[in-house]
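Engineer: Take each chain as given, in its own frame, and dock them per the hints.
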Amino acid sequence: MRADSVAWERAAEVRGAATAWRLAGFIDQPTERAIQERFPDPCVAPSPVWRALTAGAVAAVVLCTFGALAVTIGRSATAAQIVLVMFAAVCLVVTDRLEASPQFARRGAAGATSLLGVGFFLAAVALFLMETLGLRANEGIDLFLIVSLLAWALGWWRWGSPLFAALSALSLFLLLGRLSHGRLLWLLVGAALVGLAARRLDAESWAPSHRLGASVLAVAGIAAVYAAINRYSLDEHLIETLARFSPERVAPSRTAFAPSAVATAAVPLAVLAWSLRSRRTFVLGTGIVLMALSLLTLHHYVYLAPLWVVLSVAGATLVIVALVVERVLGRAPDREMWGFTGEPLFSDERRQHALQIVGAAATFTPATGTDRPGFAGEGGKFGGGGATEKF
Amino acid sequence: MNPDVVSAVGRLRSAGILSDRQAVFFDRVARRRLVSIRFEIRALLYVGVLLLTSGVGVLVAEHHREIGPIAIASGIGLATAACFAWVIRQAVPFSWGAVEPPNVGFDYVLLLAVVLLAAELAYAEVEFTVLGPRWTYHLLVVALVYLAVAYRWDSRTVLALALSTLAAWRGISISLLPGGSWTDDAPLRANAIVLGTLYVGAAAFSVRRRLKAHFEDVFANAGLLLILGALVSGALAKEVARPAWLLALLIVAGLVMWLSLRLGRSLHFAEAVVGAYIGLVRLLFETFSQGSGESSVAFLLAALLGAGVLVLISVAYRRIRSQEDARER
Numbered sequence: 000m001r002a003d004s005v006a007w008e009r010a011a012e013v014r015g016a017a018t019a020w021r022l023a024g025f026i027d028q029p030t031e032r033a034i035q036e037r038f039p040d041p042c043v044a045p046s047p048v049w050r051a052l053t054a055g056a057v058a059a060v061v062l063c064t065f066g067a068l069a070v071t072i073g074r075s076a077t078a079a080q081i082v083l084v085m086f087a088a089v090c091l092v093v094t095d096r097l098e099a100s101p102q103f104a105r106r107g108a109a110g111a112t113s114l115l116g117v118g119f120f121l122a123a124v125a126l127f128l129m130e131t132l133g134l135r136a137n138e139g140i141d142l143f144l145i146v147s148l149l150a151w152a153l154g155w156w157r158w159g160s161p162l163f164a165a166l167s168a169l170s171l172f173l174l175l176g177r178l179s180h181g182r183l184l185w186l187l188v189g190a191a192l193v194g195l196a197a198r199r200l201d202a203e204s205w206a207p208s209h210r211l212g213a214s215v216l217a218v219a220g221i222a223a224v225y226a227a228i229n230r231y232s233l234d235e236h237l238i239e240t241l242a243r244f245s246p247e248r249v250a251p252s253r254t255a256f257a258p259s260a261v262a263t264a265a266v267p268l269a270v271l272a273w274s275l276r277s278r279r280t281f282v283l284g285t286g287i288v289l290m291a292l293s294l295l296t297l298h299h300y301v302y303l304a305p306l307w308v309v310l311s312v313a314g315a316t317l318v319i320v321a322l323v324v325e326r327v328l329g330r331a332p333d334r335e336m337w338g339f340t341g342e343p344l345f346s347d348e349r350r351q352h353a354l355q356i357v358g359a360a361a362t363f364t365p366a367t368g369t370d371r372p373g374f375a376g377e378g379g380k381f382g383g384g385g386a387t388e389k390f
Numbered sequence: 000m001n002p003d004v005v006s007a008v009g010r011l012r013s014a015g016i017l018s019d020r021q022a023v024f025f026d027r028v029a030r031r032r033l034v035s036i037r038f039e040i041r042a043l044l045y046v047g048v049l050l051l052t053s054g055v056g057v058l059v060a061e062h063h064r065e066i067g068p069i070a071i072a073s074g075i076g077l078a079t080a081a082c083f084a085w086v087i088r089q090a091v092p093f094s095w096g097a098v099e100p101p102n103v104g105f106d107y108v109l110l111l112a113v114v115l116l117a118a119e120l121a122y123a124e125v126e127f128t129v130l131g132p133r134w135t136y137h138l139l140v141v142a143l144v145y146l147a148v149a150y151r152w153d154s155r156t157v158l159a160l161a162l163s164t165l166a167a168w169r170g171i172s173i174s175l176l177p178g179g180s181w182t183d184d185a186p187l188r189a190n191a192i193v194l195g196t197l198y199v200g201a202a203a204f205s206v207r208r209r210l211k212a213h214f215e216d217v218f219a220n221a222g223l224l225l226i227l228g229a230l231v232s233g234a235l236a237k238e239v240a241r242p243a244w245l246l247a248l249l250i251v252a253g254l255v256m257w258l259s260l261r262l263g264r265s266l267h268f269a270e271a272v273v274g275a276y277i278g279l280v281r282l283l284f285e286t287f288s289q290g291s292g293e294s295s296v297a298f299l300l301a302a303l304l305g306a307g308v309l310v311l312i313s314v315a316y317r318r319i320r321s322q323e324d325a326r327e328r
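Protein chains in written order, with numbering that gives the first Met the number 0: chain U, 0 to 390; chain S, 0 to 328.
So here's chain S without its partners, still in its complex pose (with noise of 0.2 Å):
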């Protein structure tokens, strides 16, 4: 029961401010004589989803030698084709607006179909080697079924699915790359700033367009992420050319800052804050260090920072809230 709500109810029943009929079913809920599960439903089945794609999982890994690759391939593909069928099934007719799922459980259906689809073709590349020293293209052939999937039947998930596995195509196709390495960042950054420019592209053509604009946080933040990564990875970075990447991630923060503002995007806001600041505050310890021991006219020169932090995020609170105002009135 909460208590607040329940003698608040009978109060503004006695003031005529609530119905009756509003105040007897708001008085339910409040004492808990009517409760929802929707999310612990929700939860079982992702939690359901995940459990069954680590068992698909499992079997892959241990027993693909028994079974026999056609027996698992045959397996895993009309176990995706059952999910698919049933997500045909249920699914309502394509929007470019936002479409609600049917019920609750087509998102997670929708969800283990493309898990198992990849797996089934991770396992038939690996068995049947397709694609052969170009398999790398299988994580885009992947990416593509997946955004299909996520705009044909409006998945924010599979959208964020689909976006993590371009960026790892492109990742793991350069660190293959001759004379390539996980530790030579150089060219995996330039990737994740272009990517990351598509994906922060993409946001504003949905909005613009009105082409799925829902979809536009998912492509802003994971653009937005890729490209204020980057950028903090090559300022951290121990390279000679550390400084331009600092002035970039210091220009791109602020950019981003000042779009989020105008736009009200209080998390791309917090995204850009937190790159500048631990940008700056590498420059601070790396230009006052003392020998091996660090300075505390760096940790000062922090604390300063951090303050001015705090007195920007207030003026850009206020100027939001602001915004918000204007619009509701």
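Okay, chain U solo, but in the shape it has when bound (with noise of 0.2 Å):
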């Protein structure tokens, strides 16, 4: 990434934490303005919708050209190659140039023509290693991968996008589970991937959104072992359904099938045991989500009761656990326990506006929350809080 993207970014950060601060209570306007004075942030950051709609009317431009000249040239391999190689490098330029300027970096518009930049280019590959070099399709979709991977990368590293990380990720995974012992380096390199990316969630070196890419890596990773460990994924061959086409798929044998069931309902639990060490909540999720997996699984190879129970019963235990956990955090001394509260602080409100938009979906209306700014009028209470008379 450039230095100046680099600094602006940190400096959203910060502005955007003083604002969560002053949402919250615990600091006043002034002393929000004096904090963006100290970290100027020269970017224009639009909300998600008006990103969104620059995004779309972006994309409709650059895919409507290209229409126009896929239309103009017809079948041609060659010219389509070259238009698409002509699109990614127009877009990519493009690309650099927006998260360049402070007044369009943030608007929608870079990540619109960096998707479709990259996009293009890896269309581009597909064409010239499928018709032009007329390698079959096992080579094809083995080079393809890894330019994938590197592409994806790259694009990464050059302007943060999280979805880039993701995309190299499920390239790399991909291209894994095409080489024989596919399952056994998807354990090995998702673990690595974990190791490596989990060095990297803090570290100040690199840029805010680095970090979340790092964090998009970690999940990746720990996917990556659970899928190579599972039982019901080492039973149906899911990851040896990727190999090659050809007789030399090797299918799992029979005596990993004990060390997985007992891996199935120990990798979450694990999962589940970092979060807590680490109070990564991104961690937490993944391990709720795992363990929601196992059980699943178990419940595909043991039968434990009609599915009505199963389900009646799981979403009554969820909503105990959740509504107990409230109540014992409420209750704690200055409500925390073991660095957690469930009182909302200041820093995840647009998460919760997320779960609430998901719920209002399937109604067709986004909602809004109701929910209370933080700790305003309840202060005081946490861990040395309350300097200010807004406690």
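Since the hints were made in silico from the structure, they are not lab data.
Cβ coordinates follow ideal geometry from the N, Cα and C atoms, glycine included.
Be a bit skeptical, because a hint or two may be false.
[What the hints assert, rightly or not] Under 10 Å between C-beta atoms, here's a sample of chain S residues computed to sit facing chain U: (1) Gly56; (2) Val108; (3) Ile171; (4) Leu187; (5) Arg188; (6) Ile192; (7) Ala301; (8) Arg320.
Structural biologist: Structure representation (structure tokens):
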């Protein structure tokens, strides 16, 4: 990433935190202004609605222009490759220019052009491998996945989009799945990726968006490890189906089934333990999802009860657990226990809104939060907080 | 840890912008020595409610003969009553303003209560045919109950459910009319427009009279989606009246954009822009298509139209931002 972009991102982090402190009633407006003056961020940053709208309009312009040329050149593979490379180059250059401009860096256009640029480039590579070089499907797919892995990784490193980190990880594991002993590679490389990414989650030398990308890679690594050890995945040869189209596909050994069953139970617990120790909520969320998947795997192999009982008991358990946790945390001294609190603090309000939007999506209206804005009016309860009269 | 915020807190403390106690607390949170799991608690509650209601649904679908209608109806009724009893006990007094939920679980138990109530009414209707051939009114009853619950306990989620159930009631009622069907879209569109207009009116009424004014966005979004959805559907349909639908779409979208800019509602502006763009792109491709294939002219014009939309977005954003700045000053 450009040094300017990193500096703007860092300033935006601090300004965002200051706004959250003010909304939660911990600081007043003059203090927020003083913080903003100390950490100037020249970027224009519209709300997600404006960014999505801009990104959609930019994508429409680029894709329609490409469509016009594609219709004109017809079915010529060579001409298509030239046009694709041309569009990729233009999109990537434009992205770099937009990212360098505080006026445009965060308005959604750069996100659209970078995604389309890499997409056009990969489409050109696919055509080149299959049509121009005439490679067989196996070799073509392997080479395409290698280029895809590198292209998304470079895109992530240059512009910081966590989506690119995710697509890069996806390419990596699809590629590994195609090799012999793909399952073992998923396990080893997944574990290594978790280890490497975990070291960078709090790295001061990394830009905020790179740190976010590191979290995405950590989750991808955990998911790969879990997919490799899950009993159902082993039984159904889910990873092996990714392998090359040849008789060399290696079926997993039957001796792996017993350890796999144990690991299916153990890995989610290990992830949950890590989340509690590190107090990282994204790891906690991953652990909860893996735990749910392990329970589904258990239900697949062992008849526990009729489906309605399983669903009802699981639902009731979740509701009760959530209410108990909230109550226990609420009654604990200073409303916190082991470094966790059930209060909104000030850093996660937007995520809570996201949950409500998911809920309301089914009924076609986006809802906005009714949550309390942090501790306003209830303060003085968190360790050492309460320095201002607003507490 | 957020190293940028940690380092900033130290600098702000040294500069005297943050007090020691503020800095200690902010530093603690930035270093993840204190972490909020409110989002995770909410997520668990939400998924729990979904699983519970799914379990009840599976039970009723698969075992209603073995268990018997009375037992099922009583069971669901008891669960509903228990949820409502908890909600009533926990609830704070009614107000026409925004009311904060007494705890994090309140909204979800309320959601569970209303979904179970709807399941109970649906089951009673199927088993005992209370309303007989007029069974679609069951949806109206459910929607009205949802509406009452949403107002009494100040729940936007339940209000959204109420509005979608009302829309479903109109949709199903129209499709079941003699001669009506899912493929005959004109009456459905007309109903969607009328209902959408009612919702938008309710949004304006809520704000003007300050009666649950914070429900405005739920009403307005539902209304605009219904109106614009119906008009876009008309503009895309293979009907003789399509030009009229397109004209109506453009007029309404223009009106919505103008009002959204005046009121500073970016989401409504976006909905109108997307609706108008879809209608115009369809017109371009229809006008310039060559036989069975597409024309490059149509694509080029669609790209130009997109560029025009970009300019419009840029101007609109600048205007909304200047309004916000003026309000802040």
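Engineer: Indicate, hint by hint, whether the structure satisfies it.
Structural biologist: Hints, verified against the model:
no. : hint   : verdict
1   : Gly56  : holds, 8 Å
2   : Val108 : holds, 8 Å
3   : Ile171 : violated, 16 Å
4   : Leu187 : violated, 15 Å
5   : Arg188 : violated, 16 Å
6   : Ile192 : violated, 16 Å
7   : Ala301 : holds, 4 Å
8   : Arg320 : holds, 8 Å
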